[in-house]
Amino acid sequence: MMAADGALLLSLVEEFVSGLQDSKAKDTAAGVRNGQFTVLQLVEALGLSLTSSQPHTRARGVQLLSEVLHECYGNLTEREVEVLIAFYENRLKDHYVITPSVLQGLRALTKCAALPPGSAVSMLRSLFQDVHVQSLMLMERSCVYNMLINLMETREAELKGLGADFVFGFVQSMDGERDPRNLLLAFQIAKNIVHRGYDLGKFTEELFEVTSCYFPIDFSPPPNDPHGITKEELIETLRAVLTGTPKFAEFLLPLIIEKLDSDVQSAKLDSLQTLTACVSQYEHKDLAEFLEGLWTSLRREVFQTSSERIESAGLAAVTALTSCLSRSVLNSDSEDSLSTFLDLVLKDCKHHLCEPDLKLVWPSAKLLQAACSASSRASHATTAAVMPSLIEQYSSRTQCSHRRTLLEVVLRFIQSVKTSQSSENEESVFSAFRQSLCGMVFSALSETNASLQITATSMLTSLAQQTGLLLDSDVELAVDHLTRLLLTEEDDRVSLAVVDCAGALAELHPTVFITKLIPRLKKEMFSEPMDEGDNRAASGQPSHHAMRQRCLSALAAVSTRPGVVRESTPVLLEVLGSVHAGSAAFSVEEVVSACHSLRRIAEQVQDTEEMGRCFHEVVIPRLISLALQAALQGEGSSGRRSPLVEEVVLSAVVSVISTSCARLQPMLAGQTASRAVSLFLDDDVSFLPDNSFPSQIQLLKKQQGDSWSRSQMVCLLMGCVCSLPRSVEVPQIDQLMSQLEELSCTCSHPLSYNSAAKCFSGLVNKRPQGDSLDSLVQTMMKRVCRELDSSSSPVRTQALTLMIWVSKALLLRYHPLSTALTDKLFSLLDDTDLGAAAADGFSLLMSDSSDVLNRGCHADVRIMYRQRFFSENSAKLVQGFNAAPQEKKSNYLKALSNIVNKLPKQVQITELPALLSLLLEALSCPDQGVQLSTLSCLEPVLVDPPPALIQQLEALVSRLLALTSSPTMSVKIASMRCIHAISRFPEHEILPFRARVLRALARPLDDRKRLVRSEAVQARGEWFLVGSPGGR
Amino acid sequence: MKEALSLVQRVNAHPDSRCWFVSWNPSGSLVASCGGDKAIRIWGREGDSWICKSVLQDGHQRTVRKVAWSPCGNYLASASFDATTCIWKKKDDDFESLTVLEGHENEVKCVAWAPSGNLLATCSRDKSVWVWEVDEEDEYECVTVVNSHTQDVKHVVWHPTQELLASASYDNNICIYREEDDDWECRATLQGHTSTVWSLSFDATGQRLASGSDDRTVKIWKEYPNEAGQDLSWKCVCTLSGYHGRTVYDVAWCPLTGVLATASGDDAVRVFKEDESTGPDQPVFSLAAQVTKAHSQDVNCVAWNPKEAGLLATCSDDGDFAIWRFHED
Amino acid sequence: MSAGGRLENANPVIFQRSGERLLTASDEDEDVHDRIDDREIFDLIRSINDPEHPLSLEELNVVEQVRVKVNDAESSVGVEFTPTIPHCSMATLIGLSIKVKLLRSLPDRFKIDVQITPGTHASEEAVNKQLADKERVAAALENSSLLEVVNQCLTTRSI
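Chains as they are written, first to last, in UniProt numbering: chain A, 1 to 1032; chain B, 1 to 329; chain C, 1 to 159.
In case anyone wonders, no lab produced these hints; they're calculated from the structure.
Everything numeric in this text was worked out from a predicted model, so none of it was measured.
Among the hints, a few may not be true.
Taking CB as the label site, the calculated pair distances span [unchecked claim]:
| no. | chain 1 | residue 1 | chain 2 | residue 2 | range |
| --- | --- | --- | --- | --- | --- |
| 1 | C | Asn71 | B | Glu136 | 56 to 64 Å |
| 2 | C | Gly119 | B | Glu139 | 50 to 58 Å |
| 3 | C | Asp31 | A | Ser827 | 47 to 55 Å |
| 4 | A | Glu427 | C | Pro54 | 38 to 46 Å |
| 5 | A | Asp472 | C | Pro54 | 44 to 52 Å |
| 6 | B | Lys307 | C | Thr155 | 49 to 57 Å |
| 7 | C | Asp31 | A | Glu392 | 36 to 44 Å |
Heads up, incomplete: computed chain A residues facing chain C, CB under 7 Å, no partners named [stated by the list, open to error]:
| no. | residue |
| --- | --- |
| 8 | Asp357 |
| 9 | Lys359 |
| 10 | Ser401 |
| 11 | Leu1005 |
| 12 | Asp1006 |
| 13 | Arg1010 |
| 14 | Gly1021 |
| 15 | Ser1028 |
For every residue, glycine included, the Cβ atom is placed at its ideal position computed from N, Cα and C.
Okay, chain A solo, but in the shape it has when bound (with noise of 0.2 Å):
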């Protein structure tokens, strides 16, 4: 050290300890950082104030080395560490006001990575026997176990070598805590100590006692909390101690047993919750004095809880002791505690199985499930009791309600297995009651009650998912009954219910519905409805349509595997094959679910070449070729139309194309695109069965007259190649994107030229960045706004369509281009005939569209491209809207709550303060759209509200309830589901409005309509519980 630096050292100590100028401390860690002077020369220097007969004068001279060391403790040596340490531990029993400074420096010395061997041990001995820890500040307690968790980290040997000393000092120390930030610091070194393997010795009792005195957790943090220390924090840290060891098992059971007769319902579910924990870790052993006295509390609590979460961690505690039962070694001398606890249960529960009208049934079932849940023995056992009475219950049983309980039961039993089966060769638990459990299915499937029938399909589906359970002559039987119920059953519940259950079937035995199921649902289906003519014909007619429907969607269920699927798609085909021929009767909504039902085929099956196959060569190609047959010859005969010429049919349709080529077989799914572009281009109708068309067919060409039924067919293409993946390439695209330019802008029928418009934005999206899409960008919107420039232009809807689509299409993929485009249509707010339009289509913009420009057809689709648009455009709405004259304002504010209603609900609360004097203006509007839109977009906003709405309150209550009175009913209604959310904001804001808001809603009490009733109902029953006793 040169002199100069001892003459600085010695000023700054002088500075810091009698000019107690703080800052001193650390200009001396800076000295000793960069080498001036070492700890051990500032230890020197300090020599005068640290013998100082004045005990102040010492702290602040230990206050400044503690300081330093808590900045500089990476760089000491070994040697010096070891020399401060004796220092300190010296200090230790020295006055009181000195050891705050001293634990300070104590702790930053733990922290070094040069601690001797020995000096950890020796530290705490010291601390252990010279301080009284619960005497000491918060802090300095705090400083305390930072100690103890520094060395746990990096000495634990030597810790260990303490032996039960440590935990003894440890229990001591924390003895008595009552600050939660110290709370749980302490807990997380006793469960150091239980996890790591510390000796406890002969403080087992003591180390629990210390920690179990704070179980239940009670502690709501105060508000405005600046630490953040939560309940749950607690709690999850404190069970870890407890449940840390089965050393525990003694002492925490029974004070399970105890807290679990507190009233507190948070107390019962934190100690369900322990006890679920702690059994993980136990044995049979731990757990054999207590099982009684644990069954009869959770007993109690699931026979007569009010609380589904009390409820759900009872059970999930039975299941825990359970399965922790279950993993005991039966020895030959050990009692089969298993069976013991087992015995217990069935005792309690299984004589109100009997009694399945009575309350008792269900928690009785849910306890024995969850303990049937929880091992395969488990399982075994509990079934071979409950089962057979079970089976005689149903069968003796002759009430409808009674038999449904019991067969729920039932299928609950077998749900819960279901859980616990693992491998695959072990016979099913069933596999004894396997004649009886079919027996009940198939005999309530043959009742009249829904309910009963419904149940009896789950438990089917769940019979079926037993392996190996169901012989061959079982799987026939069932589908003979679900054939007749899907041929009769009129109940929408039960024809849903047995579908699905066709479905879950049809997935593990296909042969049976490839050779009986199919066949006979074709038969029905085609033939024609009897009773015709009769005066049974017209409610006969609805029946006959409701199987249709029952078939159709059942054939879509069982088509997962390839087998049953090459036989079901043709049968769909034919229906859409016949009707255009004219040969069979379906109607119209008919054909659309068969659409719907291929559609589900393509979206469920395997990806597989010869499912690819099954699409693209067969279905889409006739398909194509039924709806072009159909609009030839729409054309010049005046005779009968071919149903397939509906526009729903074809949207039907072309989700079937674009489902397949969105998912099947890229390749296939290119050649299929580049097939439909040669017939809508080059009239190439080769690959269409059934070939027998004109030789000029020139779809995209606008055609004389308006034959529309040919030009509609662009909607096709769009289903043909909008869906592709963006790495196939769509051949002679520029001739395409001319074509379809073209005829979306000079077409006047709507479908054709709004189906022109989504193709072409459809194909925009995908194609890659560059010169050529700019350029095709530009060059169409010259064109769109010279038709919307021009007022007397006839086309000016069409323009603006299309020009919307692109907007679309630039905006998912953030394309610089979209801005000029989405600028111009703000601009269009203003214009008398379009500006209505124009508001619309911002909802177009901002939502998904089912049929083209979405993830599912690969489109690309920018994460949180409405966020973005409407942090980039907010601003210019709000200057329109504020600029606009008055009767345009309305079109501002439509386009206000399009964009804000579909904006995901985070943003909406970070963007509400700056718009809500706006969308409280659209509340006034006079517009029902604007009104409803934003009154849908502020109502999951009312959920959580942001204080800015907080503020408006006032404003707010009064425009809604003004709303109540709307002539709408949806307004009506809508306004009021935005009252009743506002009942749940912070009571003391509310509840100056309470009596307003009740006299309000007492009108809506007497509407004419009902649907209006019950929502001022709902509202007005939460509003009377604001402010009053036991309401929120």
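Keeping the supplied structure of chain A fixed, place chains B and C upon it in accordance with the hints.
For chains B and C alone, kept in the frame of chain A given last:
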């Protein structure tokens, strides 16, 4: 019917709450109303409308069930579900709380001043009737607690001239009390109603008493000299049944014209008139006027103006009070 | 009543809940006036929580649609409820909850009568008389501990 009730004024006196009771001051210039909003309001006529002159708030913690003016018109007593009775004193144009009478175990249902102004009666769900004495210094002292009913006591009313008290109860009975050796005793129990008796009203002479009940009837009781000379003897001389669709909550005998008004849970106000041809032992009353939708909800109270014949105040669960004029040809 | 306390009837019979009322086309038609009918009243009260069990009054069969009578034109509603056992001490409380629910949910014009199904409770008359006495009902609802229990019965149970 030539006679009719025409509406003079309707006032939403207790918004968002129910108006339980209205009472005219002795000079007939003011109306006091009370209700579920824990408030008492004093109303006076100014030109064609009725104006709220003062609001007596913070006197009670719960519903104010009834209010009563002292015979001098300078005091107002209010009975509340909060188990207390408040005495308010008129000071200039306002009222100040003078004293709070405590003692009942639970809801006080009714309060009434004796004609002398020196006695006050209260009754409660605690089944008791209390009589209080007032001295010159406005000090109130309970002189008697009578427990003659077996259920809550709904109403108390004083005889117009004598120190005689009547009470009506949920136990379906009416009791008549008189002072005997510094103590008030029940001297007659009037049985006949088959459900709760809600209210009582003496006629101008005090010889007859009308009662309204949950059994949907009104009964007229008459005092007869008792042969034994000791106890009072009252007999039911007339029952008005078939007129009221629901509970009769109040009856009021007009001291000036002798007609009888009723308030009912069927939302109607009715006025009955005694046939002059019939004798005192078998009087016959006939319906002289009725307004079926007098209020949009239950009518709780009817009160005749003590000075202006035919002026009737009513009030209802709908929170309104209304003034009607009864026209007789 | 504490959660650990003894229940008067620990294992009552339970009944299935009726599903939600099915929506018809006329429900959505602005021009149709939907009269208040028995089912609508029943829907108001069926989900009231029993004060003792974690079950609804419907599940305990305390209320049934056949015991609800409404006349919209005459503005009257009559409900009969059936306590689970003849000595049920909760009968008045249940009746009060039904009454309060209807008072809060129906237009003011309605006269509401709530009574025990004849012959199903030992203190039938006394309970009926109390429920019919609007003064007692009003006073009961100013009693915060009673109001608390009633409000709990009327709270939509959170799952």
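Outcome for the supplied range 47 to 55 Å, where the beta carbon pair is Asp31 (chain C) and Ser827 (chain A):
violated, 40 Å
Checking hints one by one. Is Ser1028 (chain A) an interface residue toward chain C, by the C-beta closer than 7 Å rule?
holds, 6 Å
Starting from the hint 38 to 46 Å, judge whether the C-beta atoms of Glu427 (chain A) and Pro54 (chain C) obey it.
For Pro54 (chain C) against Glu427 (chain A), whose Cβ atoms are near 39 Å apart, the range 38 to 46 Å holds.
Quick check: does the Cβ-Cβ distance between Asp472 (chain A) and Pro54 (chain C) fall within 44 to 52 Å?
holds, 45 Å
Could one say that the CB atoms of Gly119 (chain C) and Glu139 (chain B) fall in the range 50 to 58 Å?
Since the Cβ atoms of Gly119 (chain C) and Glu139 (chain B) sit about 55 Å apart, the hinted range of 50 to 58 Å holds.
Would the stated hint for Lys359 (chain A) survive a check requiring a Cβ distance to chain C of less than 7 Å?
holds, 5 Å
Hint says 36 to 44 Å; check whether the CB-CB distance for Asp31 (chain C) and Glu392 (chain A) agrees.
For Asp31 (chain C) and Glu392 (chain A) the Cβ distance comes to about 57 Å; the hint is violated.
May I ask you to test the interface hint for Asp357 (chain A) with respect to chain C, counting a Cβ-Cβ separation under 7 Å as satisfied?
holds, 5 Å
I want to verify a distance hint. Is the separation of the beta carbons of Lys307 (chain B) and Thr155 (chain C) within 49 to 57 Å?
This hint holds: roughly 53 Å between Cβ atoms.
Holds or violated: Ser401 (chain A) as interface residue toward chain C, Cβ cutoff 7 Å?
holds, 6 Å
Does the beta carbon distance between Asn71 (chain C) and Glu136 (chain B) stay inside 56 to 64 Å, or does it fall outside?
holds, 59 Å
If you take the shortest Cβ to Cβ gap from Arg1010 (chain A) to chain C, is it below 7 Å?
holds, 4 Å
Hint compliance for this structure: hints 3 and 7 are not met, and every other hint is.
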